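Chain residues, written in single-letter form:
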Amino acid sequence: MLRPLHPVAPGTRTVLGVAFFVLFVAFWAWITLGGHVNRIFLADPLSMLKDGWRLLVEDRFWLDILITIWRVFGGFVLASIVAVPIGIAMGAWKPVEAFLEPFVSFARYLPASAFIPLLILWAGIGELEKLLVIFVGSVFQIILIIAVKVGGTRRDLVEAAYTLGATDNGIVKRVIMPANAPEIAETLRLVLGWAWTYVIVAELIGSSSGIGYMIINSQSRLATGQIIFGIIVIGLIGLLSDFAFKALNRWLYPWSLA
Amino acid sequence: MSKLLIEGVSRTFAGVRGGVPVQALQPVELSVSANDFITILGPSGCGKSTLLRIVAGLEAPSTGRVLLDGKAVTRPGPDRGMVFQSYTLFPWLTVAENIGFGLREQGRPERERNEVVASYIDLVGLKGFENHWPKQLSGGMQQRTAIARALANDPAILLLDEPFGALDNQTRGLMQELLLGIWERRKKTVLFVTHDIEEAIFMASRVIVMSARPGRIKSDVPVDLPHPRHYTLKTSPEFSALKAQLTEDIRIEAMRTAQTQSA
Chain A
270 MLRPLHPVAP GTRTVLGVAF FVLFVAFWAW ITLGGHVNRI FLADPLSMLK
320 DGWRLLVEDR FWLDILITIW RVFGGFVLAS IVAVPIGIAM GAWKPVEAFL
370 EPFVSFARYL PASAFIPLLI LWAGIGELEK LLVIFVGSVF QIILIIAVKV
420 GGTRRDLVEA AYTLGATDNG IVKRVIMPAN APEIAETLRL VLGWAWTYVI
470 VAELIGSSSG IGYMIINSQS RLATGQIIFG IIVIGLIGLL SDFAFKALNR
520 WLYPWSLA
Chain B
2 MSKLLIEGVS RTFAGVRGGV PVQALQPVEL SVSANDFITI LGPSGCGKST
52 LLRIVAGLEA PSTGRVLLDG KAVTRPGPDR GMVFQSYTLF PWLTVAENIG
102 FGLREQGRPE RERNEVVASY IDLVGLKGFE NHWPKQLSGG MQQRTAIARA
152 LANDPAILLL DEPFGALDNQ TRGLMQELLL GIWERRKKTV LFVTHDIEEA
202 IFMASRVIVM SARPGRIKSD VPVDLPHPRH YTLKTSPEFS ALKAQLTEDI
252 RIEAMRTAQT QSA
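Sequences listed follow chains A and B, in order.
Per this note's numbering, the very first residue in the first sequence carries number 270; after that it's consecutive.
Per this note's numbering, the very first residue in the second sequence carries number 2; after that it's consecutive.
Mixed in with the good hints there might be a few duds.
Examples of chain A residues lying across from chain B (beta carbon under 10 angstroms, computed) [as the list claims (entries may be wrong)]:
hint	residue
1	E428
2	G439
3	P447
4	A450
5	P523
In short, the hints are calculated from the structure, not lab data.
Small disclaimer: the values here were computed from a predicted structure and weren't measured.
Every residue gets a Cβ at the ideal spot worked out from N, C-alpha and C, and that includes glycine.
Build out the structure end to end from the sequences listed, making use of the hints.
Here is the structure:
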C-alpha cells in the first residue's frame, strides 16, 4: 500500500534505488542488442564498456580525466576564494549589499558558455581560459546564495551575543561566520555540481584535452560508446566528489546535524 | 540610590505602510533598588518585553532614558545580562563554550575563563554536560545554560524575558526554584518579565503589573513572603491572597486587550 509521506525502510530503499539502475540498463541492452535501434546512433552496454576499457588502456583517457578534475577544482577553488568573503560581507553589511547586489544579480544570469569566445580572445585556449569559464559560471552564484544565507542569520543569536558584550567585529567573526559555516559549505557543494557542467562546455570548444574534448572528438567518429562512457565517468566523479564533500561537512560541523 | 532608573521611557512604532504609528508603551517610571527581584507581569502584547529590550539596549526608547548605576543606557553591553524566551545558545559551541562566550569576547585569559565557567556549570547543575552541543540538551537544560551564560559576565543586572515560557509546567517549577535559589545565595538585581501570575509572585520581591497596550504601570505590589522560598509556598494563604488580587488586576487588562483586538 502506498501511503502519502509514509517512510520507506532503509533496506527497501536500497533495493528500489538499485532496481531502477538495473531496469534502465536492461532497457538499454534490450533496444540496442535486440536490434531495435541503429547501432550507429546508440552503442550497446557491452561495447560501451569495451570502448571505455580501450580508451583507458590505449588512449590514456585517465590523463583526460585528471585534467578535467583539475580544471573543475581549480576554477571552483578560485571562485570560492573570491566569492565567499564577498558573500559574507554583503550579508553582514547592508551598504555593501546595496552596492553589489544589483550587479551580481545581473551577472548571475550571464551564461558562462557565452563568455567562452571572449575568454578565448583574452586568455587563449590554455588552462587559464578553462579555469575562467568555471570561475565566471560559479562566482556570482556563490556570492548571491551566501549573501542571502548570511543575511538570514538568526537575529536572536546576534542579540544574545551583543548582550554578552560582543563588539560589531566579534559579531561578524564569532556569530555570523560560524552560524552560517555549514550552510556555506552546503552552498559550495551545490555549486561544485554545476561547475561540472561548465567544464564540459569549456572543453567542447577550443580544447585538445579533457573529458569534453574526448566526447566531441568521438562524435565526429560516431563512437557513441565512448561518448556514453565519458558521460558516465563524469557522473561517477560528480557523485564521488559530492559524497566526499558531504562527509567533510559532517565531520567539520557535527553540531549542525539534526 | 537606586540601581536602575527608568525615566519616562515610552516606545512608539512607526505605522506599517503609511498607517498610524502604534504606541506600544506609555511613558514608564520605575526605580529598582540593588538586589531587588522585580517581576513585570502583564497580558501578552502589553509592551513588557519592549520595556525589557529597552533596558537591555536592544531597542531605543522613543522618549525618556534608562540609567544603570547612574549611567545612561545607549546600546547592549555585558553589564546587562539577558536570557531570552527562545533558545539562544550558540549551536556551534558546547555548553562550556557558550557559558564562556561573554568572557572570551571581553578578552579574559583562558585560565580565568575556565574557572568561572566551571563554577557556573556547578551552580546550574550541568556537571557532566560541559561538552554537549545545545541540540543534545532538553529545553530546561538549555535555559539553565543560558542563565549561566548571562551570569558568567557578572552583570550589574540580570534581565529575563519569559525565560521559562516554552517549558512544560513541571520543568518550569524546578527552574523557578533554581533561579530563586541562585538569587538568594548570590544576590543580584533582577528584572523578570512574565505573563504567569504564580511565577511572578513566587519569584519576586516586587511585582509590577502592566496594563493592556499601550502598556503602562498599573500597580506596584511588594511581595513580603519569607526567603528561602519553597514550592509549597504556592499553596499558602498569603500567596493565594496575592494571587487573587493580581488575577483580578490582570483579568481586567486581558479583557481590555481582547476588546481592542476584536474592535
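To see whether the hints hold, each was checked on the structure:
1. E428: A:E428 check passes; min Cβ-Cβ to chain B is 5 angstroms, inside 10 angstroms.
2. G439: 5 angstroms, holds
3. P447: 5 angstroms, holds
4. A450: 7 angstroms, holds
5. P523: 7 angstroms, holds
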